[in-house]
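Take these sequences, add in the hints, and give me the full structure.
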Amino acid sequence: MAKEFIARGADLELKKIRKEFPGFTAIEELDLHVPAGEFFALLGPSGCGKTTTLRLVAGLETPTSGQIFIGGEDETETKPHERPVNTVFQSYALFPHMNVLENVAFGLRQRKIDEPLVKAKEALNLVQLAHLADRKPQQLSGGQQQRVALARALVNRPSLLLLDEPLGALDLKLRREMQIELKAIQMEVGLTFLHVTHDQEEAMDMADTVAVMNKGRIEQMGAPEALYDRPKTVFVSKFLGQSNLLVGEVESTSANSVSIEVAGNKISVPKTRAEKHTGKIAIGFRPEKATFTNKKPAASSSTNIIGPGEIIDIRFTGVSNQYLIEVPELGNITVFAQNIGKSPVTELGEKVWISWSVEHSFGLSDLPNTGEAA
Amino acid sequence: MAFAAFSSTKSNGTSKPKKTGRVVIALLAPGLAYLGAFFLTPLIALIMVSLQAQDPYGGIGDYIPAFEINNYFLVITEYFPHMFRSFSYALIATILALLISYPLAYFIGVKARPYPLLQKLMLTLVIAPFFISFLLRTLAWKQIFSNESWIVTTLQDTGLLEADQYVVGTPFMVIFGLTYNFIPFMTLPLYTSLERLDTRYLEAGSDLYASPSKVFRKVTLPLSMPGIISGTLLTFIPIAGDYINASGDFLGSSSTAMLGNVIEANYLQINDYPSASALSVLLMGAILILVAGYVKKSGTEDLL
Numbered sequence: 001m002a003k004e005f006i007a008r009g010a011d012l013e014l015k016k017i018r019k020e021f022p023g024f025t026a027i028e029e030l031d032l033h034v035p036a037g038e039f040f041a042l043l044g045p046s047g048c049g050k051t052t053t054l055r056l057v058a059g060l061e062t063p064t065s066g067q068i069f070i071g072g073e074d075e076t077e078t079k080p081h082e083r084p085v086n087t088v089f090q091s092y093a094l095f096p097h098m099n100v101l102e103n104v105a106f107g108l109r110q111r112k113i114d115e116p117l118v119k120a121k122e123a124l125n126l127v128q129l130a131h132l133a134d135r136k137p138q139q140l141s142g143g144q145q146q147r148v149a150l151a152r153a154l155v156n157r158p159s160l161l162l163l164d165e166p167l168g169a170l171d172l173k174l175r176r177e178m179q180i181e182l183k184a185i186q187m188e189v190g191l192t193f194l195h196v197t198h199d200q201e202e203a204m205d206m207a208d209t210v211a212v213m214n215k216g217r218i219e220q221m222g223a224p225e226a227l228y229d230r231p232k233t234v235f236v237s238k239f240l241g242q243s244n245l246l247v248g249e250v251e252s253t254s255a256n257s258v259s260i261e262v263a264g265n266k267i268s269v270p271k272t273r274a275e276k277h278t279g280k281i282a283i284g285f286r287p288e289k290a291t292f293t294n295k296k297p298a299a300s301s302s303t304n305i306i307g308p309g310e311i312i313d314i315r316f317t318g319v320s321n322q323y324l325i326e327v328p329e330l331g332n333i334t335v336f337a338q339n340i341g342k343s344p345v346t347e348l349g350e351k352v353w354i355s356w357s358v359e360h361s362f363g364l365s366d367l368p369n370t371g372e373a374a
Numbered sequence: 001m002a003f004a005a006f007s008s009t010k011s012n013g014t015s016k017p018k019k020t021g022r023v024v025i026a027l028l029a030p031g032l033a034y035l036g037a038f039f040l041t042p043l044i045a046l047i048m049v050s051l052q053a054q055d056p057y058g059g060i061g062d063y064i065p066a067f068e069i070n071n072y073f074l075v076i077t078e079y080f081p082h083m084f085r086s087f088s089y090a091l092i093a094t095i096l097a098l099l100i101s102y103p104l105a106y107f108i109g110v111k112a113r114p115y116p117l118l119q120k121l122m123l124t125l126v127i128a129p130f131f132i133s134f135l136l137r138t139l140a141w142k143q144i145f146s147n148e149s150w151i152v153t154t155l156q157d158t159g160l161l162e163a164d165q166y167v168v169g170t171p172f173m174v175i176f177g178l179t180y181n182f183i184p185f186m187t188l189p190l191y192t193s194l195e196r197l198d199t200r201y202l203e204a205g206s207d208l209y210a211s212p213s214k215v216f217r218k219v220t221l222p223l224s225m226p227g228i229i230s231g232t233l234l235t236f237i238p239i240a241g242d243y244i245n246a247s248g249d250f251l252g253s254s255s256t257a258m259l260g261n262v263i264e265a266n267y268l269q270i271n272d273y274p275s276a277s278a279l280s281v282l283l284m285g286a287i288l289i290l291v292a293g294y295v296k297k298s299g300t301e302d303l304l
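Residue numbers (my numbering), protein chains in the order written: chain A, 1 to 374; chain B, 1 to 304.
Check the hints yourself; a few may be wrong.
Stated by the list, open to error - As a list, the in silico BS3-like pairs of lysine-lysine whose alpha-carbon atoms are at most 25 angstroms apart: (1) Lys280(A) <-> Lys232(A); (2) Lys296(B) <-> Lys136(A); (3) Lys136(A) <-> Lys214(B); (4) Lys111(B) <-> Lys79(A); (5) Lys238(A) <-> Lys266(A); (6) Lys296(A) <-> Lys266(A); (7) Lys121(A) <-> Lys136(A); (8) Lys15(A) <-> Lys79(A); (9) Lys215(A) <-> Lys276(A); (10) Lys214(B) <-> Lys119(A); (11) Lys295(A) <-> Lys16(A); (12) Lys280(A) <-> Lys295(A); (13) Lys183(A) <-> Lys215(A); (14) Lys266(A) <-> Lys295(A); (15) Lys232(A) <-> Lys266(A); (16) Lys266(A) <-> Lys276(A); (17) Lys238(A) <-> Lys280(A); (18) Lys79(A) <-> Lys112(A); (19) Lys214(B) <-> Lys112(A); (20) Lys214(B) <-> Lys121(A); (21) Lys214(B) <-> Lys79(A); (22) Lys271(A) <-> Lys232(A); (23) Lys266(A) <-> Lys280(A); (24) Lys136(A) <-> Lys297(B).
What the hints assert, rightly or not - Pairwise CB distance ranges, derived in the manner of DEER restraints: (25) Leu136(B) <-> Ser65(A): 53 to 59 angstroms; (26) Phe216(B) <-> Gly142(A): 25 to 31 angstroms; (27) Gln139(A) <-> Gly21(B): 29 to 35 angstroms; (28) Gly293(B) <-> Glu201(A): 53 to 59 angstroms; (29) Glu122(A) <-> Leu35(B): 54 to 60 angstroms; (30) Asp366(A) <-> Ala128(B): 55 to 61 angstroms; (31) Leu28(B) <-> Gly168(A): 44 to 50 angstroms; (32) Asp171(A) <-> Leu28(B): 41 to 47 angstroms; (33) Val110(B) <-> Gly142(A): 23 to 29 angstroms; (34) Leu136(B) <-> Gly142(A): 53 to 59 angstroms; (35) Gly31(B) <-> Gln139(A): 31 to 37 angstroms; (36) Leu74(B) <-> Lys112(A): 55 to 61 angstroms; (37) Gly318(A) <-> Gly21(B): 41 to 47 angstroms; (38) Lys112(A) <-> Val23(B): 54 to 60 angstroms.
By construction, these hints were calculated from the structure, which means they are not laboratory data. Nothing here was measured: the structure is a model prediction, and the numbers come from that model. No residue lacks a Cβ here, since even glycine has one placed at the ideal position from N, Cα and C.
Put into structure tokens, the structure is as follows:
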């Protein structure tokens, strides 16, 4: 037996990882530390290098340069079958020639662990599929296959469990159920989970820490609340939720805030929430943090006001209405209003002023592309 | 309206199966007629000939209808070594063809996937021998290994062969020819099977602590089983009945004669039609039993 049967999570550390494929670079340079026992999500659009990162950790790809440490041990050069890591694949990859129980027992058999079938049965109990042990994977539904894939990985008690968008193929309702189940299992078994996803809601819902990846780099990393509250780059502000961005030269700086002037409006952001304090900067705010009124609100140092603008689109989404407001020289601003029975204005074409608390603004380190509407 | 809809489907329901039945019969008829005329009739004729007895008033090659079961016992006792040789050669050549074809098919079907041009080129090379007649190719091998060829003289000079030993006419030469001639029939089904092999299963296997050799034994091999079964059947069955490679005119000699050669000799040279027919029926029966047992044992129902 190559490795002991570990029952606790290990930490993962990636040092200066770079991965090149013929013709393109999947990962520029990646440094990442996932503490033991944490549910860590790598979030990003397709092609951002997140799945490559996962495959590097699993050993299915070799980094061009850099090192991978799992539980403090250098695993950069080891083969996939020698790593204390298991993966739940996006396609599940359940062996079609084995029944469910044999699929789950596969890893245990390879490591010559005693009573593989008993342990496999226990793992199937954990995912509530013990009654389907004799079926072939093809006879199961997508959600059931996903749970078998999870059991097949978990039964080995890997130091690190890798999840490659395992919920991607499920319908919305099942996905939500599986998210809750997955999180509960992670808390129960205490393993380190590295979850790769492009679904920002899923990442925020399940993970202790989210790392947002873009073009082979980690743009920002932190607790979901912190990331959402204070995105630092245009990409993060747009990928994790929605944002309105305003760009302008810094006009004045006070003791604790920075202000820009945009189309005759003074927009401020607390210094502690701004990445840059000089030059041309982008200030953003979340659509649900803003309100609009059909009279210009009284100016205040704690409130940012823009307007007047014209409501050009109203979208009803159930819990809220999404208003698109065209402000001359500024472009379109999105504002969400909860459907609690008293929307301020509900008519298209209405002239309105938009206001939000200075405290809710965030200053970004980069500027949106000129082609993109601010 | 609901009633009308119901009754219309009901009336359709009774007339439709009749119609489909007629279409099915019409479509099957040519095939059935063909099988009846060219398989079933000759088969019955063959069995009848195999039971004929020597015409007491006739000469060589004159037989009368009879029910001479004894023909079978006679050919079994007389030609048992040839039967044994046929199936041994077929088994050895099939195994050799599998051992040679599997890596080749794996390379073309799995490793060469990122290079479609290479894949197509290699497949063409596998099929290329078919462009030249099977007989010509076999004769070419006879030429290459002929007694005066430099290969044989070199082998004799280096002492690997005695001065009076030759290659043509030996079991080695016959098995070599059989293996060579049937490799494409093994490679192509293996390729079809391996070409569909989802490499993500292999990744999952290595992720679950299986070493590359274990992944091969536990994942690749079982998943390519349909190809192995059809490949071995497509080589074993024709090899067991082959009479070209083992014939003295090609790569063999009298000491390598297989069942096919014996049947040919009985039909065309000795004019002993009942023995030839009885041997043919026995060959068919033996292959049928072996193949049925093999297919059952390898559990192809799940895979095919």
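Status of the hints after comparison with the structure:
1. For the given pair, Lys280(A) sits about 15 angstroms from Lys232(A) by alpha-carbon distance, which is consistent with the 25 angstroms threshold.
2. Between the alpha carbons of Lys296(B) and Lys136(A) the distance comes to roughly 20 angstroms, so the proposed pair stays at or under 25 angstroms and holds.
3. For a cut-off of 25 angstroms, the pair hint linking Lys136(A) to Lys214(B) stands: about 21 angstroms separates their Cα positions.
4. Pair hint Lys111(B) plus Lys79(A) holds up; C-alpha atoms about 19 angstroms apart against a cutoff of 25 angstroms.
5. Annotation: proposed proximity of Lys238(A) to Lys266(A) holds, straight-line Cα distance about 23 angstroms (limit 25 angstroms).
6. This hinted pair checks out: Lys296(A) and Lys266(A) have alpha carbons roughly 14 angstroms apart, not beyond 25 angstroms.
7. Under the criterion of a C-alpha separation no larger than 25 angstroms, the hint pairing Lys121(A) with Lys136(A) is consistent with the structure, at around 15 angstroms.
8. In summary, the hint linking Lys15(A) to Lys79(A) is supported, as the alpha carbons are separated by about 18 angstroms, within the 25 angstroms threshold.
9. For the hint linking Lys215(A) to Lys276(A), the alpha-carbon distance of about 23 angstroms falls within 25 angstroms, and the restraint holds.
10. Between the alpha carbons of Lys214(B) and Lys119(A) the distance comes to roughly 21 angstroms, so the proposed pair stays at or under 25 angstroms and holds.
11. For the hint pairing Lys295(A) with Lys16(A), the CA-to-CA distance comes to about 54 angstroms; that exceeds 25 angstroms, so the pair is violated.
12. About 30 angstroms separates the Cα atoms of Lys280(A) and Lys295(A), which puts this hinted pair outside 25 angstroms; it is violated.
13. Pair hint Lys183(A) plus Lys215(A) does not hold up; C-alpha atoms about 28 angstroms apart against a cutoff of 25 angstroms.
14. Proximity of Lys266(A) to Lys295(A) is assessed by CA-CA distance (about 18 angstroms); at most 25 angstroms being required, the pair is judged to hold.
15. Distance check on the hinted pair: Lys232(A) and Lys266(A) sit about 21 angstroms apart at the alpha-carbon level, within 25 angstroms; holds.
16. Taking the CA atoms of Lys266(A) and Lys276(A), the gap is near 17 angstroms; set against the 25 angstroms cutoff, the hint holds.
17. The hinted pair formed by Lys238(A) and Lys280(A) meets the criterion: a straight-line CA distance of about 19 angstroms does not exceed 25 angstroms.
18. Only pairs whose Cα atoms come within 25 angstroms are accepted, and Lys79(A) paired with Lys112(A) is accepted, the gap being roughly 18 angstroms.
19. Between Lys214(B) and Lys112(A) the CA atoms are separated by roughly 13 angstroms; this keeps the pair inside 25 angstroms, and the hint holds.
20. With a C-alpha separation of about 23 angstroms, the suggested pair Lys214(B) and Lys121(A) falls inside the 25 angstroms cut-off, and the hint holds.
21. For the suggested pair Lys214(B) and Lys79(A), the alpha carbons sit about 14 angstroms apart, so the restraint of at most 25 angstroms is met.
22. Proximity of Lys271(A) to Lys232(A) is assessed by CA-CA distance (about 13 angstroms); at most 25 angstroms being required, the pair is judged to hold.
23. Of the supplied pair hints, the one linking Lys266(A) and Lys280(A) holds, its CA atoms being roughly 14 angstroms apart against a limit of 25 angstroms.
24. A distance of roughly 20 angstroms separates the Cα atoms of Lys136(A) and Lys297(B); the hinted pair therefore holds under the 25 angstroms criterion.
25. Separated by about 57 angstroms at the C-beta atoms, Leu136(B) and Ser65(A) satisfy the suggested range of 53 to 59 angstroms.
26. Separated by about 29 angstroms at the C-beta atoms, Phe216(B) and Gly142(A) satisfy the suggested range of 25 to 31 angstroms.
27. Checked against the hint of 29 to 35 angstroms, the C-beta distance between Gln139(A) and Gly21(B) comes to roughly 32 angstroms, which is consistent with it.
28. Restraint check, Gly293(B) to Glu201(A): a C-beta distance of roughly 57 angstroms satisfies the suggested window 53 to 59 angstroms.
29. Our hint of 54 to 60 angstroms for Glu122(A) and Leu35(B) holds, since their Cβ atoms are close to 56 angstroms apart.
30. Separated by about 59 angstroms at the C-beta atoms, Asp366(A) and Ala128(B) satisfy the suggested range of 55 to 61 angstroms.
31. A beta carbon spacing of about 46 angstroms between Leu28(B) and Gly168(A) agrees with the range 44 to 50 angstroms that was offered as a hint.
32. The given range of 41 to 47 angstroms is respected by Asp171(A) and Leu28(B), whose C-beta atoms sit roughly 44 angstroms from each other.
33. As the Cβ distance of Val110(B) to Gly142(A) is approximately 27 angstroms, the hint placing it in 23 to 29 angstroms holds.
34. Between Leu136(B) and Gly142(A) the C-beta distance comes to about 56 angstroms, which sits within the given range of 53 to 59 angstroms.
35. One distance hint, 31 to 37 angstroms for the beta-carbon pair Gly31(B) and Gln139(A), holds here, with the actual separation near 34 angstroms.
36. Separated by about 57 angstroms at the C-beta atoms, Leu74(B) and Lys112(A) satisfy the suggested range of 55 to 61 angstroms.
37. The hint said 41 to 47 angstroms for the Cβ distance between Gly318(A) and Gly21(B), and at roughly 55 angstroms that hint is violated.
38. Between Lys112(A) and Val23(B) the beta carbon distance is about 59 angstroms. The supplied range of 54 to 60 angstroms therefore holds.
Hints 11, 12, 13 and 37, counting from the list given before, are not met by this structure.
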